[in-house]
Amino acid sequence: MMFAAAMAGVLAAMALTLVRALLGPTVFDRVLALNTFGTVTVLAIAVLGFLMGRPQFLDIALLYALINFVGTIAILKYLQYGDLGASGESPDAGESGR
Amino acid sequence: MIEHVVLRVIAKLLAPFIVLFALYVQFHGDFGPGGGFQAGVIFASAFILYALIYGVENARQIAPPAVAQAAIGLGVLIYAGTGVASMLLGGKYLDYSLLAQDAGHGQHYGILIVEFGVGVTVAAVMITVFFTFAGRRGVLEAREDVATAEDDEDR
Amino acid sequence: MRLVGLYLALFVFWLLMSGHYEALILGFGIVSCAAAVYIARRKDIVDDETLSWYLKPKLPFYWLWLLGQILKANVDVAKRCVLPGSRIDPCVFLAPADQETSVGVVTYANSITLTPGTVSMQTWDHEIRVHALTRDGARDVLGDEMGARICRVEGEQ
Amino acid sequence: MALAVDIASWACLVAGALLCFAGGVGMIRFPDVYARSHAAGVIDTGGALFILLGLALQAGFALVTVKLGLIGLLLFFTSPTATHALVKGALAGGLNPLCHQLTADETAALADEASP
Numbered sequence: 001m002m003f004a005a006a007m008a009g010v011l012a013a014m015a016l017t018l019v020r021a022l023l024g025p026t027v028f029d030r031v032l033a034l035n036t037f038g039t040v041t042v043l044a045i046a047v048l049g050f051l052m053g054r055p056q057f058l059d060i061a062l063l064y065a066l067i068n069f070v071g072t073i074a075i076l077k078y079l080q081y082g083d084l085g086a087s088g089e090s091p092d093a094g095e096s097g098r
Numbered sequence: 001m002i003e004h005v006v007l008r009v010i011a012k013l014l015a016p017f018i019v020l021f022a023l024y025v026q027f028h029g030d031f032g033p034g035g036g037f038q039a040g041v042i043f044a045s046a047f048i049l050y051a052l053i054y055g056v057e058n059a060r061q062i063a064p065p066a067v068a069q070a071a072i073g074l075g076v077l078i079y080a081g082t083g084v085a086s087m088l089l090g091g092k093y094l095d096y097s098l099l100a101q102d103a104g105h106g107q108h109y110g111i112l113i114v115e116f117g118v119g120v121t122v123a124a125v126m127i128t129v130f131f132t133f134a135g136r137r138g139v140l141e142a143r144e145d146v147a148t149a150e151d152d153e154d155r
Numbered sequence: 001m002r003l004v005g006l007y008l009a010l011f012v013f014w015l016l017m018s019g020h021y022e023a024l025i026l027g028f029g030i031v032s033c034a035a036a037v038y039i040a041r042r043k044d045i046v047d048d049e050t051l052s053w054y055l056k057p058k059l060p061f062y063w064l065w066l067l068g069q070i071l072k073a074n075v076d077v078a079k080r081c082v083l084p085g086s087r088i089d090p091c092v093f094l095a096p097a098d099q100e101t102s103v104g105v106v107t108y109a110n111s112i113t114l115t116p117g118t119v120s121m122q123t124w125d126h127e128i129r130v131h132a133l134t135r136d137g138a139r140d141v142l143g144d145e146m147g148a149r150i151c152r153v154e155g156e157q
Numbered sequence: 001m002a003l004a005v006d007i008a009s010w011a012c013l014v015a016g017a018l019l020c021f022a023g024g025v026g027m028i029r030f031p032d033v034y035a036r037s038h039a040a041g042v043i044d045t046g047g048a049l050f051i052l053l054g055l056a057l058q059a060g061f062a063l064v065t066v067k068l069g070l071i072g073l074l075l076f077f078t079s080p081t082a083t084h085a086l087v088k089g090a091l092a093g094g095l096n097p098l099c100h101q102l103t104a105d106e107t108a109a110l111a112d113e114a115s116p
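Chains as they are written, first to last, in the working numbering: chain A, 1 to 98; chain B, 1 to 155; chain C, 1 to 157; chain D, 1 to 116.
What the hints contain is simulated information worked out from the structure, not anything from laboratory work. Be aware that one or more of the hints could be misleading.
[Stated by the list, open to error] Which bits of chain C does chain D cover? Going by a derived footprint, with three or more residues having C-beta under 8 Å, they are: (1) 15 to 28; (2) 35 to 43; (3) 115 to 122; (4) 135 to 143.
[Claimed, not checked] Beyond 12 Å from chain C on every Cβ pair, some chain D residues (computed): (5) A2; (6) L3; (7) V5; (8) I7; (9) S9; (10) W10; (11) A35; (12) L57; (13) V66; (14) D112.
[What the hints assert, rightly or not] Chain D is nowhere near these chain B residues, computed Cβ spacing over 12 Å in every case: (15) H4; (16) F21; (17) F37; (18) Q38; (19) A71; (20) V76; (21) A85; (22) H108; (23) I111; (24) F116.
Positions of the beta carbon are idealized from the N, C-alpha and C atoms, including for glycine.
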């Protein structure tokens, strides 16, 4: 019962962040919403594990938190440099590198 | 993004734990969710995070493409080798029960070895794919440079 | 020396995660930690910048204090999110960061971000650009209690 | 004793759910990406903290609690880093915050007010 209450809050937050991700208006809003959505998903997986009596789900939650972080950094790097592989000693290598 | 000090410090701190977490998932496949495929992806993500922050050129120094490509083959070899070994012992392909003195242990060890093969291959493939795609812009730019240089010569 | 420290930290992490203490799994743990240390060494990320910092005995106390700050700030920002009549008055300013090491500055920047109502936007060696949701939040950062506490953690041996 | 733990974990879970919801509302209501990052911070810190704490109280002293702690620790390190990187990226992307840029004098005045 108490897990259901927590789940309701988490699901509401997921819906609201998803609305923000769809509304935009800038790409950074979408990435922010996506990152927050990931955090809420981690919580949802953890609560779901307890709800279903299978705490092994926590490994998945931990993994999701990790992948969410790496993914967000990858998107931001792509937005800023237009390239995932740049070593990025100069922040504006895209324009003035050559 | 090496000049991004917050990212650099946090990534430095996390990196060894990501690798260890990957190996934990690898070896606890029969107790919880996990196994070779997931472990390989997490293992690769440690290198992807490194490549994102220090650049793909530096990451290639850490995980040389030649080693990664050899590892792809090695993983498949471990997988297939386990299967063939069980055939040589008189069973079917991947019949783990024959790998140890009794069936229970055989199953356990067999699964561990096969999962290890899967993990090695997946990690190596993920790293190779990321390096290939992340390095593309550099390749394209080099080609453009060559193309413009040839244009100049034609003129 | 640092490598041994990292190895021990990783092994404790493994024992906490694993929950299976048979010889086989423990053996895997020993080998896995060695592999993780080897990869970290290859990446050249085992240096004083991160490791020495986490041996400071005052750090847990700082974290506890930070937790209290986070809870206070959470209630405030959550109210501003939900209550219909509430207003926000965002501002951007430069806050001094007197920490000497880069990890000190990073701890400060992340502490600012962790406290809802203030976000660190850019960091330099001795300055952080901060975005605050309210003037009260800005005043709290500029009062520099947090920064001073981090300096005290940083200063001990 | 068991009842007290149950009540505490109830309170934590409800508080976490409410904070998550409040953060979600803030994500919709606030005017620009910088203000929204504060609302995201509420979910990342308060919401996550209370929900994980409530679950840990339910689990008791076990391996599960340790894993909940590790999730909390990971979020504690990664979420501010991701938010900081995002805000920095938005600033570098030429997105100006909808707010007042304090001058050096105003900053000094606020600092004076803050220090007793």
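What are the numbers of the hints the structure violates, in ascending order? Violated hints (numbers, rising): 2, 11, 13, 14, 15 and 16; every other hint is consistent with the structure.
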